[in-house]
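Participant: Each chain is listed here by its residues.
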Amino acid sequence: MSHPNLSRRGFLVGAGTLGVVSALGGCATSTPAPSAAGSGAKSATLLLKSRETGEKSRKAMQALLDEFARQHPQYKPTLNSMEAAAFQQQIRADLTLSTPPDVLTWFAGEIASNFAQQGLLLDATSVFPADGYSDQFAGLSSDASGKKIFIPTNYYWWGVFYRKSYFEKWGVSEPKTWDEFIALCKTLKGKGVSPLALPLSDSAWLTASWFDYLNLRVNGATFHRALLAGQESYTDPRVAKVLDVWREVLPYLDPAGKGLAFQEGSAKWQQGKDAMFLCGPFLADAMPADVKADVSFFQFPIIDPAVPVAEEAPLDGFIASARSADPEGAKAFLGYAATPAAQELYLKISEGTLIPANGNAKSPLSTPLIEKGRAMVASAADVTQFFNRDSNDDQLSALTTALVKFIDKPGEAAGILKQWQSDSAKARGN
Amino acid sequence: MTATGSRLRPWLFHGGMAILAAVWLVPLALVLVTSLRTFDDLAATGLASLPGSLTFGSYRQALAGAGELRSIMNSLLITVPVVIVTLVLASMAAYALARHRIPFRKTVLLLMLAGNLLPSQLLLIPVLKLTEQFGMFDTRLGMIVVQTAVGLGFYTFVLHGFMRGIPGEVTQAAKIDGATTFGVYLRIVLPLTRPAMAALGSLAFTWTFNDLLWAITLLRDEGKLPVTPAILGMQGQYVSSWNVIAAATVIAAIPTVVVFLRFQRYFISGLLIGSSK
Amino acid sequence: MTAVPKAVSRGARGAGARTASRETAVLLAFVLVPFTLEMFWTFWPALNSVYISLTRWDGISPPVFVGLDNYLRMWSDETFRTALRNTVVWLVLFGGLSVLGGLGLALLLDKPRRGVGIYRAIFFLPVVFSMVVSALVWRMIYQPDGVVNGLLGAVGLESQARIWLGEPETALYALILPALWRQIGYIMVLFLAGLKTVDPLLHEAAKTDGATAFERFRHITLPQLRPVSTVVLAVTVIDALRSFDIVWALTKGGPYHSSELLSTYQFSTGVLGSQLGYGSALAVVIFALTAGTIVVYLVRSLRTEEAA
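Residue numbers (this note's numbering), protein chains in the order written: chain B, 1 to 430; chain C, 431 to 707; chain W, 708 to 1015.
Where hints are given, some of them may not hold.
[To be verified] With a cut-off of at most 27 Å between alpha-carbon atoms, the simulated BS3-like pairs for lysine-lysine come out as follows:
| # | chain 1 | residue 1 | chain 2 | residue 2 |
| --- | --- | --- | --- | --- |
| 1 | B | 59 | B | 348 |
| 2 | B | 59 | B | 273 |
| 3 | C | 654 | B | 76 |
| 4 | B | 56 | C | 654 |
| 5 | B | 59 | C | 605 |
| 6 | B | 292 | B | 189 |
| 7 | B | 292 | B | 409 |
| 8 | B | 348 | B | 164 |
| 9 | B | 191 | B | 169 |
[As the list claims (entries may be wrong)] Restraint ranges, calculated between C-beta atoms of paired labels, are given here:
| # | chain 1 | residue 1 | chain 2 | residue 2 | range |
| --- | --- | --- | --- | --- | --- |
| 10 | B | 290 | W | 822 | 49 to 55 Å |
| 11 | B | 341 | W | 778 | 28 to 34 Å |
| 12 | C | 610 | W | 781 | 25 to 31 Å |
| 13 | W | 822 | B | 271 | 16 to 22 Å |
| 14 | B | 422 | W | 995 | 54 to 60 Å |
| 15 | W | 1007 | B | 230 | 24 to 30 Å |
| 16 | B | 422 | W | 1004 | 33 to 39 Å |
| 17 | C | 483 | W | 995 | 51 to 57 Å |
Hints were generated in silico from the structure; no laboratory data involved. Small disclaimer: the values here were computed from a predicted structure and weren't measured. Here a beta-carbon is modelled for each residue, glycine too, at the ideal position from N, C-alpha and C.
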């Protein structure tokens, strides 16, 4: 049991000093060694595993595969969709299977970098387009050594969403600065409207959007990244400052929010019972067309003009498994997915409010909302992904514990931050 | 209580039971109402509001794709073998352990129960690797073998409890008449434990049919997924058509309800142990 | 316990030797086939996880052996202590109430009479319903403008209205209701099957002797329910210590760990999170608690029964 180099794949065999499994070793070798087979085969099957289970996204993904197969008849791609939560639970095992899916949907950020560091991801540098991706997106697609291990296909943005008709009715307009934002909240509350939606019952993770933005606006992206990477402490006075600023708007949060699920919260916002919602454009994706046309957002208000403006732009795309039986096929697909045509095709059918990641691609279903989002991200000095994409789910769980408590007990900030730092450090293993 | 039950005045009994049953049914009624609403109605006014109108559209939607019926079939293909093999193996072990002075029988029973007590989280990854080595990963056979093996200890333990309750004279008489061990098991013990077998059978059916954890650990091909992960797959990442999901759940509950209704007569009012006297 | 094949108890001799050894083989197969199958798929894989509990491992990079660090960490982990405390509360309340409720329903619905089949089916229904939707409706029941607060308002108790799942004081207790709703029907079924072993003639005899209903329950029904009670007790301890899905679906252990159970904490660190070493250690502790509680009880009860 003392194998020094116990990998997830190998640990059972390693523990085989106890006999049974090594006795069964014959069965284990029945699966082909990674990349040994397949590359030369005719019409090799290619398995794409997707976490998009919505009806339209599923259709769009299939269309993408069909078009790829039309252009590359030597490959027979198949689609396997798995619900997002299960997908997340399976990904680590999937990447270490002896016959893994060849290509998987994933997102840019810390976890992909970790996968790459362990050599689990296929090097896609050869198919990464030289032109089309911004430097930021290209950087987010690279591992520590500069190899491209991720193909971005689309992204969205975060902002404070509202309904234009209601803002008109209440006679209010978009704020630019934090002071204007507070004033707006006060005005709305005076009119008997709950200013801010924050449903927490099944989506406590939404608190991370507030923390991310407040920290980006108060302390900037550099500090934010260092904090998430564990190089700075949550007991730092700069983090306390973030909570101090947030405390100013806590009275304007809908108090029912802590008992509402995301869908209930978005229904309340749709009805104008809550005026504003810090969210992504997916908030309105399932709403009727007339509501969608009425939706707008404003940039998270500027708090300190001296801090370079950063925005959250979570980037989705594909990774390929290093153990793919057909690395050439997987790379061919990644190369195709990076093209403007592929990204436009996907967005056209999926109808999501998403922006193609390749700058040469146009939004096939362009709306003023999408263009406003694209312009906001394009003008940002820096982009971040989202709290758990920039760190991991353990860190997110430490965050939600701290922030949900803070919303309840804003007076206990010091103790909460201390606990947060300790939870965060323990989850990191030091 | 048992006896008072029979003396309770019918109106008191039915009155009390009806109220309790109604309370029990409230959440299920909410599922039904949700399944009869339209998505736009749900999205606009929220789940807890009064429905704007009722329609069977969600049921049509749930059944429209191949998904729902296929996943029910998948669940059955896994559940039926698991329930049968489990009951056979567990009743054999329980019979041997409960009715015979086998050396270490208590240790064996406790070990089997302990095996069942192991939190599945301890087993998931290693079992995944084992099924991969046996070539059973992402197959229904793998699901059947693993779910049978992992559950055996519990069913053996429960049946052991029931089998100890069978009066010794019954099996002894058969022995004197020259019955073999297997004969006693088959012709005396099994019929006498039928209530327990039926009760366990319907529970085993329910759990296996609705399993989520093993399915998402050992299966990958969405064409093989049983009902619970398939229904979860109908959820969107942020917004879900709860009306369709509710409808799909109601449909998926039918097989288990049928099994329960079929089995319950065995553990409710059939032959009574000891009625031979 | 009286049906003892000679082959096993004393060894075979004389003319019956061949039959006896075949009988022994049958018995051994009866025990060993299920036993081996289960052990291979449970204890053997679990050994690997026990080893993992001695490491720090994120599931991707190689595990680092850290000895008992993960177990020591629990001592200083406030969330672990909360989860442990909540688990004990859960065991007492959820376990106790589900046994009482299940036994009560079984006693009431045991005798054949008109309509009992329907009642039994109704109480069993929640067991068969998929968790996906059960969680959804319970959230509807508990949400701020949901069923519970609506009822409180209707009887003039608006002041008692709360955000049941969103407040740390109430979340854990609010979760017990849906858990009971799903568990009682199951316990009822076990007791119903157990009541079948109660001899109705004994009741008749006792009645003629002038025993009251309570006396008959106390001296006839209860003792005869003992084997099934052992089963129910074990089942209840197992389920209480493992309760997971309803809690996870409704609160994920929140708000801020106030409804955290060991099982949910284990899941969020070791399955969802990437602390597989610590998660495995937590699972080992859950196992130790369950096995400890049950085995101590069982060893004693098996011994007394054998002596009796």
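Participant: Just pull the numbers of the violated hints for me, sorted ascending.
Facilitator: Of the numbered hints, 2, 5, 7, 11, 12, 13, 14, 15 do not hold.
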